[in-house]
Amino acid sequence: MSNKEHDVTRRQFLNYTLTGVGGFMAAGMLMPMVRFAVDPLLQNKKTGKMVSVVSVDELTDQPQRKTFKVKKVDGWHEFEEQKIAYVFKKKNGDIMALSPICTHLGCTVNWNDPAYPNEYHCPCHGGRYTKTGINIPGTPPPAPLHVYDMKVKDGTVYLGDAHPRGGA
Amino acid sequence: MKWCTKDIILFNKEKEFVDTVVVPLVPISWDKNMTATVREGEHITILAREIEHQLMGRMVEAPPFTYLKSESMEERMKRLKLWEKNIKESGIGYIFYLTSDVDWNQKNHNMLDMIWLPAVPLEHMEGKARDAYLDETVQDILKVITESWQQFSE
Ligand code: FES
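Chains as they are written, first to last, in this note's numbering: chain A, 1 to 168; chain C, 169 to 322.
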């Protein structure tokens, strides 16, 4: 009687411990797999690294066209994308970096086209923006040009992702 | 807009704003000139992708028109004309053919808007030089396209 009880507890004991160890092993195997599966999704949410684009001394109050490359991840596939920024100093001295992607249907706008001096002009459907990227009413774009995240370190301008601006 | 479902749905929605198609011409051969043939196709494919990227709001980049180098000019033209007819019937006003194949440069195909660019061996170019070359070349092509837009809108 007492022997039998003992057996049961031993079996239970083994059961518990084995389930425990097994579960632990399973978790050990599954975790990396789960991580592996969701990682690209997590990475997409991460804001991209800031990239050095231009030295501060070069900047004036006139927007300058600068190109730079960022690493993009599309699912598991990593590739480099060429970006364009128009960088200049505002009246108050602040540095501004605008994305030239037209907010209408995504064409690339140009600064200071001879036919449209001191404006950004979209070659596709005539969208126009002021120097600080505000869309001019009566032209197709529904919103201002997006603004790049920016930081200055050791006299160099670093740019990150471009974002729509709130308000305006 | 690219030849993918997402973009084509947008194309059908915004059709009034899209009047242009670019068609990259990509040659094929399996003989001793294969490398050069591949280079011509690759070069123009890279440029076409970039053109689409910059003018995506007004154009669709069609899948490449492929042909054997051994196919006669007459045959190619016949097929290309068929493509053109189809595209035009969808209401597209401007069609640009992009190519780096000398075949199309030698003869004067004045009935088609052919943009010809010499195939630069990009595989031998370093990062910065390659980027600068591509950026400049793309700007040149953009100019050709946007200028013809202006001509007709005035
Ligand atoms: S895409 Fe710029 S105005 Fe339409």
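Bear in mind the hints are in silico, worked out from the structure with no lab data behind them. A portion of the hints provided could be inaccurate.
[Unchecked claim] As a list, the in silico DSSO-like pairs of lysine-lysine whose alpha-carbon atoms are at most 27 Å apart:
| id | chain 1 | residue 1 | chain 2 | residue 2 |
| --- | --- | --- | --- | --- |
| 1 | C | K296 | A | K66 |
| 2 | C | K181 | C | K170 |
| 3 | C | K181 | A | K69 |
| 4 | A | K69 | C | K311 |
| 5 | A | K90 | A | K151 |
| 6 | C | K181 | A | K66 |
| 7 | A | K131 | C | K311 |
Comparing the hints with the structure gives:
1. K296(C) - K66(A): Answer holds: K296(C) to K66(A) is near 13 Å, not above 27 Å.
2. K181(C) - K170(C): Holds, at roughly 14 Å.
3. K181(C) - K69(A): Violated - the C-alpha atoms of K69(A) and K181(C) are around 32 Å apart, more than 27 Å.
4. K69(A) - K311(C): At roughly 23 Å apart (the allowed maximum being 27 Å), K311(C) and K69(A) satisfy the hint.
5. K90(A) - K151(A): Since the Cα atoms of K90(A) and K151(A) sit roughly 15 Å apart, the hinted pair holds (cutoff 27 Å).
6. K181(C) - K66(A): violated (33 Å)
7. K131(A) - K311(C): holds (22 Å)
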